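S.K.: If you read the protein sequences in the order shown, they are chains A and B.
For the first sequence, the numbering used here assigns the number 4 to the initial residue and increments by one for each residue that follows.
For the second sequence, the numbering used here assigns the number 4 to the initial residue and increments by one for each residue that follows.
Bear in mind the hints are in silico, worked out from the structure with no lab data behind them.
Careful, some of the hints might be misleading.
All copies of an identical chain are treated as equivalent in the list; a pair is satisfied when it fits inside any one copy or across any two copies.
Claimed, not checked - Okay, derived cross-link-like pairs now, EDC-like style, lysine to aspartate or glutamate, Cα gap no bigger than 20 Å in a straight line:
| # | residue 1 | residue 2 |
| --- | --- | --- |
| 1 | 194 | 262 |
| 2 | 311 | 238 |
| 3 | 22 | 8 |
| 4 | 111 | 34 |
The structure presented is a predicted model; accordingly, all values stated were derived computationally and were not measured.
There are 2 protein chains.
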Amino acid sequence: MPDQDRVLLGHGGGGVLTKRLVREVFLAAFDDPALEHMPDSAILEIEGGRMAFTTDAFVVRPLFFRGGDVGRLSICGTVNDLSVAGAVPKFISIAAIVEEGFPVADLKRVALSAANAAREAGVRVVTGDTKVVERGKADGLFLATAGVGFVPEGRDVAPDRVRPGDRVLVSGTMGDHGIAILAEREGMRFKTPVESDCAPVSGLVEALFASGAEVHAMRDPTRGGFAAALNELAEESGVTVEIEESAVPVGREVRGACEMLGLDPFAVANEGKVIAFVSPESAESALRAMRAHPLGANAAVVGRAVGKRERPVILRTRVGGERVLEMPLGESLPRIC
Amino acid sequence: MPDQDRVLLGHGGGGVLTKRLVREVFLAAFDDPALEHMPDSAILEIEGGRMAFTTDAFVVRPLFFRGGDVGRLSICGTVNDLSVAGAVPKFISIAAIVEEGFPVADLKRVALSAANAAREAGVRVVTGDTKVVERGKADGLFLATAGVGFVPEGRDVAPDRVRPGDRVLVSGTMGDHGIAILAEREGMRFKTPVESDCAPVSGLVEALFASGAEVHAMRDPTRGGFAAALNELAEESGVTVEIEESAVPVGREVRGACEMLGLDPFAVANEGKVIAFVSPESAESALRAMRAHPLGANAAVVGRAVGKRERPVILRTRVGGERVLEMPLGESLPRIC
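Whole structure, please, built from the sequences with the hints as guidance.
M.R.: Here's what the structure looks like:
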């Protein structure tokens, strides 16, 4: 186990180390039932209904990349956390920490891109804050967004609704965002350039509900990717998830890059994808609804929940074997979001 | 005018430069009516009432100082923005950007301090996010909080309610937070050490409403201090504010430090104070309510709103003269919060 006295890059990876740090530091301090399972969005009873509330910090490097930038990412990340909690995203706040000397033109570009993403997602950016630190004390620009949404009456999406037999859907290819960032950083060249999938999934999620599918739980596979999202959901649901490895869509270029770099595409971040657990009877209509949406063209049924086995997530391989899909430990790709 | 192509430290000072940058970059991009006057909290109509929503980034240096630390500050700053908007603060989110190598013990200390402040303020910290950046890419720890509160029915606090004749109250001494931070940074020694006033004003504000005082508008004088807060309020209200300079409480040590350093205590940040505009008939009961609260022992009536004159804020000096209290331009004390 790594040194426990200092924060490591791995503590930011969204895996086991992140969970441990957050539990020891923040959950220990705040001790609120809303934090217990460390959901990305807290669901809060308020007068007249249920509110979802979430926050994210964005430290992605570089700030501009193929398929997006930190502004777009900051809106999508927060919108998506609200959407997969079953909420309709409504209001967003943005706090900016800017390094002295940062080009105002780049700040404008980021703000406009965030505004476009907000329009796409149907949310309003209603409040913000800007702080400046001395040259060398930050890395250009960090953003932190928070979001508020409301859960429509009768909608109940939570890990404890998952049942053995539930089908697992993903809305598209895995690993695009992480590999797009890496390609940008390392100057990698592909025949077909990999673009970040960075997009607000609010429309896709609403289409899924509109289809009448019985959605039990959702997650957006960001840091730690498909592997982290499934492990978390399985643990919280008390089921095991069996995934048909060959059914999970992964783009050809992403697969190639991962093989070359020794990365598992299932552990690489996405920023515009949804994993949904639906009742077996709903699998067909859910898949149809996803595929009919522009962001869900490659949606697939990839597995199902079964009674609890020894490990939370099992991959059934192409050749008929089984292996465990582990929760990622630390950070394979720092500053991916 | 300074170079307009790059972000300067002065853009973070909460004065004229900050306002210009935010207007040109963020308001231009997001173009939402809630942003128009750049209030610290957005007030939003939701089903069943009015919600206040606010965010702040905290880049204070050093992280621990006499009277507080970045954790306490992050809760108080956000709670206070909600309170002065007339809302009862309810839910808080915290996003942390941590530099690799930061001591976990310090992170715990910050979290516990934030938790204590949250308890004092009666708010719940319900969601969070932690990101880690490489050594040298941040300055130890930055926090960004967002807060949600609800405005009780019948309560209407906004600049456009201010009328000529309204009395201006402050809840205590001005400039303590800024000078406490500066003293820490510069190793200044005082006979009586200056402590940051960092505190949640939610209780004080509720006591003010409970007194029955007709409160028209409030502001917490943080970055840019009393001068920035009053200039903003006067501009938005369309009145001029006349302040009796000698009536504004300033601690002896703070006054001394400001004289020595060439700072105006009215432009130095506070983190646990309220400026309130109340009807003339309410001035007495408002003052009594403030003074009865532990955070308002030094509260005072310091001036009044008058019909619009050429400049928004006029100081009436000890010797009977008048001078303009200007909106601070940029940053006299960087990274104060």
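S.K.: Check the structure against each numbered hint from earlier and tell me which ones fail, lowest number first.
M.R.: none
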